[in-house]
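Novice: Each chain is listed here by its residues.
Protein chains: 2
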Amino acid sequence: MLWFVGLGISGFKSLPNQALKILENADIVYLEQFTSPIENDDLTQIENTTTGEFKIAKRWFVEDGKEIIEKSKNQKVVLLSYGDPYIATTHIELRVRAIEEKIKTQSIHASSSITSMIGECGLHFYKIGRIATIMNDMKSLITPYYVTYKNIIEGNHTVLLLEYNQDKKFFLDPKEALNDLIETENGQKRNVVKPSSYAIIASRIGFEDQKIISGKIENLNKIDFGKPPHTIIIPGRMHFTESDALKVLGKCIDEPFDNSEKTEKISHQMMKKYVPMVQEALEEIKPHYKNKKNFQDILENAELYIQDAEKFLEEGQDEVAILSIGYADGLVDALRLAKGLDPKM
Amino acid sequence: MLWFVGLGISGFKSLPNQALKILENADIVYLEQFTSPIENDDLTQIENTTTGEFKIAKRWFVEDGKEIIEKSKNQKVVLLSYGDPYIATTHIELRVRAIEEKIKTQSIHASSSITSMIGECGLHFYKIGRIATIMNDMKSLITPYYVTYKNIIEGNHTVLLLEYNQDKKFFLDPKEALNDLIETENGQKRNVVKPSSYAIIASRIGFEDQKIISGKIENLNKIDFGKPPHTIIIPGRMHFTESDALKVLGKCIDEPFDNSEKTEKISHQMMKKYVPMVQEALEEIKPHYKNKKNFQDILENAELYIQDAEKFLEEGQDEVAILSIGYADGLVDALRLAKGLDPKM
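One line per chain: the protein sequences are A and B, in this order.
Using our numbering, the first residue of the first sequence is number 755, and each one after it goes up by one.
Using our numbering, the first residue of the second sequence is number 755, and each one after it goes up by one.
One or more hints might be untrue.
If several chains are the same, the list does not tell them apart, and a pair holds so long as it fits within one copy or across any two.
Taking lysine-lysine pairs in the DSSO-like style, the calculated list, with each CA pair at most 27 Å apart, reads [said to hold, decoys possible]: (1) K1019 with K1065; (2) K767 with K929; (3) K856 with K893; (4) K1019 with K904; (5) K1027 with K904; (6) K858 with K965; (7) K775 with K827; (8) K820 with K1001; (9) K1001 with K858; (10) K820 with K943; (11) K1040 with K1093; (12) K1005 with K1027; (13) K976 with K1093; (14) K929 with K775; (15) K1027 with K1046.
Just so you know, the hints here were simulated from the structure itself, not pulled from any lab data.
If we strip away everything but chain A, and leave its shape as in the complex, we get (with noise of 0.2 Å):
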């Protein structure tokens, strides 16, 4: 028999009622704590609680999964871990591995760090977008500045996670990631995260000593945060009761304010373009084909196309709308040059 505990987010006062008895009775409980630090006092009343034997698990034997695997064939084995069990897909696996080895398992689930994080936050669990991690080895940030990216147009909030070796003691600082953001901002220019951007740092959700400090990205830049873990909260579109739950619940070094207005999407940032430009390449050339009545047509089309643009945009369906300025803007060129003249650019 298999157990995989949960031991939610504030160490062992927050592990669920039904576990005590549950790690009273193992053979052998296994805490695995690489997903994030586990306070020493904790580990004290955990081991306290058992009578069995106890074990720290390592990110490798886990993985290996092997003698956790073996000895749940015979014996009642839990392996406790940080938070909700299978926010980490390592344990999800060995679930699998475990069933198909017709090994009992069963889950208790406790509090997870990031449902915890986004209320302690004041934010709207239902805008959160998909989560990233930052690692401290990866190459390039592009992958969760492009999550973030998604995220911001279409108004979610992005949870960027830190990474936190247990081996090394090693846990990313948020300063360090939200700078090498902008390093990656600065090589994609999709106005994402910049020193300008907004940008909540919650620190030790669920410890006594949590804190959320919130801020422009160069102010934060300023902060020490202190003991970890730390989260990156990049938020989007903030209805006006997050803001003020946020102001409330945490230190706003600046007023909240809403990423998602300067990131705008690329639609968006074309139809500024060119609705603008066709229209006054229209004007220009519609002298040359007066009484003409074939090219009357195509001038009628022209405007009857930006205007549909328009109309596109505001509806949302940006792609019809880009399709629709491209093609006035083919059928104004298509004149300019019958006539010798440059497209506009």
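Take the given structure of chain A and dock chain B to it, following the hints.
Specialist: Chain B only, in chain A's frame:
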């Protein structure tokens, strides 16, 4: 003093152990059960743990919040709720109001159905996109439909929470919600939720009779999912470890497959239609403009822009690709209109 305490997903037994003493010592415990049903046995166990007043709090009562705030000024008050407390934005708002009234607040987080469900299905949590809720009285499912669409084209999974109304003892049937989504599909035609799409129904997660059934929607339609709560998950791109886990952890009435393969981006759908169409229109018009210098430039430009459009799409610059094919289309159609030919459709 006001405590926001999560009950977790499994009733009394999922309550974090630190919460037991807090319930015992509270002057008043309000149990909110409008976000999900709570079993009678659990109600009794909770009530037996309290020594102060114990009251069931309806939705309007928590939203109004006046009594809770008033009592918290001089007494130890607990608001106990299913899952993790701040998934319900009502609770965040109540906490903010309490703090503004100088009331001390504390949170005890617990297991949430969202993180638990994803792990129980064997899906990777970092692939969950924005969550949506389906309510029975929604005029249309356009919003959850497009949330799903946007998630799928990014390869993300979509969690669709279904309405639960405590007062009316009403829980939206997952089959009804799926069929309403298919109806929306028939109008929107984005290839998001069709009878042949893959869906997961996660039922009663955290309860003894938890069930995870997945398959093509047309086959799920024949199943009685029984007692609520149920949640729909529309998977996006599935890693093989995810499909393997889903098969071991749940019941798959069809082999799991990748919905995202069928749901093409709008930009890709448009390019598939327009590139051959513009190419054909161009070939047709060429003979009409033999040996006309200015018009040769237009024809060459059209050719180049068609090629560019395809190149941009390959590079992932979808918007520029659409602009280019639209432009080529405009150039060609201007030449057609000038000769009294209708534009290609």
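Novice: Next step is simple, just say for each hint if it's right about the structure.
Specialist: Verification of the hints:
For the homomeric pair K1019 and K1065, the shortest alpha-carbon distances inside one copy (17 Å) and between copies (21 Å) are both at most 27 Å. For the homomeric pair K767 and K929, neither the shortest alpha-carbon distance inside one copy (31 Å) nor that between copies (40 Å) is at most 27 Å. Neither within a single protomer nor between protomers do K856 and K893 lie at most 27 Å apart by alpha-carbon distance, with minima of 41 Å and 48 Å respectively. Proximity of K1019 and K904 under a CA criterion of 27 Å is satisfied in both settings, with 9 Å inside one chain copy and 14 Å between copies.
Taking the shortest Cα distances, K1027 and K904 sit within 27 Å of each other both inside one copy (21 Å) and across copies (26 Å). In this assembly of identical chains, the alpha carbons of K858 and K965 lie at most 27 Å apart only when taken from different copies (16 Å versus 40 Å within one copy). Taking the shortest Cα distances, K775 and K827 sit within 27 Å of each other inside one copy (20 Å), while across copies they are farther apart (37 Å). Proximity of K820 and K1001 under a CA criterion of 27 Å is satisfied inter-copy only: 22 Å between copies versus 48 Å inside one chain copy.
When the C-alpha separation of K1001 and K858 is checked against a cutoff of 27 Å, the pair qualifies only between copies, where the shortest distance is 16 Å, while the shortest distance within a copy is 47 Å. Taking identical chains as interchangeable, the C-alpha atoms of K820 and K943 are never at most 27 Å apart, the minima being 47 Å within one chain and 48 Å between chains. For the homomeric pair K1040 and K1093, the shortest alpha-carbon distances inside one copy (11 Å) and between copies (18 Å) are both at most 27 Å. Taking identical chains as interchangeable, the C-alpha atoms of K1005 and K1027 are never at most 27 Å apart, the minima being 39 Å within one chain and 52 Å between chains.
When the C-alpha separation of K976 and K1093 is checked against a cutoff of 27 Å, the pair qualifies neither within a copy, at 58 Å, nor between copies, at 66 Å. For the homomeric pair K929 and K775, neither the shortest alpha-carbon distance inside one copy (42 Å) nor that between copies (39 Å) is at most 27 Å. For the identical chains of this complex, K1027 and K1046 are neighbours neither inside a copy (30 Å) nor across copies (32 Å), given an alpha-carbon limit of 27 Å.
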